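Given the sequences, and given the hints that come with them, work out the whole structure.
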Amino acid sequence: MSRLRSSVSTRRSLRTGAAARRPPARVVPAPLAYNPRPVPSFPPVPEQLDLLLKGVDTCVQADELEKKLGRSVASGRPLRVKVGFDPSAPDLHVGHTVVLRKMRHFQELGHEVVFLIGDFTGMIGDPTGKKATRPQLTREEVLANAETYKAQVFKILDPQATVVDFNSRWLLALGADGMIRLAGKYTVARLLERDDFSKRFKAGLPISVHELLYPLCQAYDSVALSADVELGGTDQLFNLLVGRDLMREHGQEPQVVMTLPLLVGLDGVEKMSKSLGNYIGVSEPPDEVFGKAMSVSDALMWTYWTLLTDRRPPEIAAMKRGVESGELHPKRLKMDLARQLVADFHGDEAAQAAEAEFERRFAKAEGPVKAESVPSPLPLPADVASLLAALGLAPSKNVARQKVKEGAVSVSHDGVAWRKVEAPNEPFEAGGAEGRFLKVGKRFVRVTAAPGS
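Residue numbers (my numbering): 3 to 455.
Hints in this document: simulated from the structure, not taken from any laboratory.
It is possible that some hints are incorrect.
To be verified - Straight-line alpha carbon distances no greater than 30 Å define the calculated DSBU-like cross-link-like pairs of lysine-lysine that follow: (1) LYS157 to LYS56; (2) LYS444 to LYS405; (3) LYS273 to LYS204; (4) LYS407 to LYS422; (5) LYS201 to LYS157; (6) LYS187 to LYS157.
Predicted, not measured: the structure shown is a model, and the values here were computed from it.
Written out as structure tokens, the structure is:
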């Protein structure tokens, strides 16, 4: 870490001198100096593409990426790959690591990665996917969250090969006149093409001016860093494409945009989110990570193998064939997955201990618990609190919410591995023809979809 701090400190001192000589509002900050790890040579381009495109949802443009990689191999100059995270909450979950793992792939190939902490944009709040204006965080809240981010990302990324930067460095330097000039680079009509803005505009819901500036600020990050590649979730595609446009406006070669799928949460319905309680936290205890991973459905397990591990598609396809033929049991593969996740965040020794503890706790469980089968009185998926009240497992939704908060409600796909419900609004899915298990106190039920639903 000393090497990282030293390099960042040196760059800051150099930039301070440059800022004193020129008006910052009219100048694009000088790109960070390259300081990659020494690599004897880069792998051939086809080999790099095979790894880099694994699990990618969209690549704009794939042919541009191939050309950039070709120039990199010929010149020995690594690509600069950027990912930005707004520290809007103090902890990361495994859904965030999908993009970080792709960053690590670039690192393993010898390229330079910039983990950009959006301490400026975090105070705006990313409006992506939001039906209403997000509450703005104070700078103190953002910086406190940023500290925990730095500790957690290095569970995935190599700290000695990662440049950490903050976008307040250039966005604060823009000043009012610079921000107005930046706003002049784009039209409101173009910004309203964003799906969430478009829906809110048509519904007559408010859109604050600072929200319209968010995509431009994120795009300017790419200009400031002279990024070759930017990574993000599929919900970030619009913002990332604005980055390409703004780089052209500044006479730079547009960045390649690569988006990764949004990880579906443990409920199998909604994207992973702390507010829905369907998440595995990067900093959660090993036993908790292992147990939550074991609660994933057999179908969702394949997505987790693809996005949360380094297994190649042919290996995963072979595992699927093994399950279909009966040679492999899904539970065994799920335990392998859980052990891998714990090892990534806590080390091999902790992973082995978590597996042993899980087997000890469930050694007597030879099969699913005995549970009455009941059809859901509500269309599924339905939030857990409403379902408990409708099933008569709680006298009211308020009592149901309280039971969830007390940790008295659990769900299971197989009746063996259970996971506590952490949010009353967590969606409960049907779970196929055989239903899904629900535990309230000491009572077990197998909830199936209502006939004809």
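*Restraint check for LYS444 with LYS405, where alpha carbons must lie at most 30 Å apart*: holds, 12 Å
inquiry  = Check whether the Cα positions of LYS407 and LYS422 lie no farther apart than 30 Å.
reply    = holds, 10 Å
Holds or violated: LYS273 to LYS204, with C-alpha atoms at most 30 Å apart: holds, 25 Å
Checking one constraint from the list: CA of LYS187 to CA of LYS157, max 30 Å. Satisfied?
The hint is violated at about 38 Å.
Check: Given the hint that LYS201 pairs with LYS157, does the C-alpha gap stay at or below 30 Å?
Finding: violated, 38 Å
CA of LYS157 to CA of LYS56, is that 30 Å or under? holds, 21 Å
Comparing the model with each numbered hint stated earlier shows that hints 5 and 6 do not hold.
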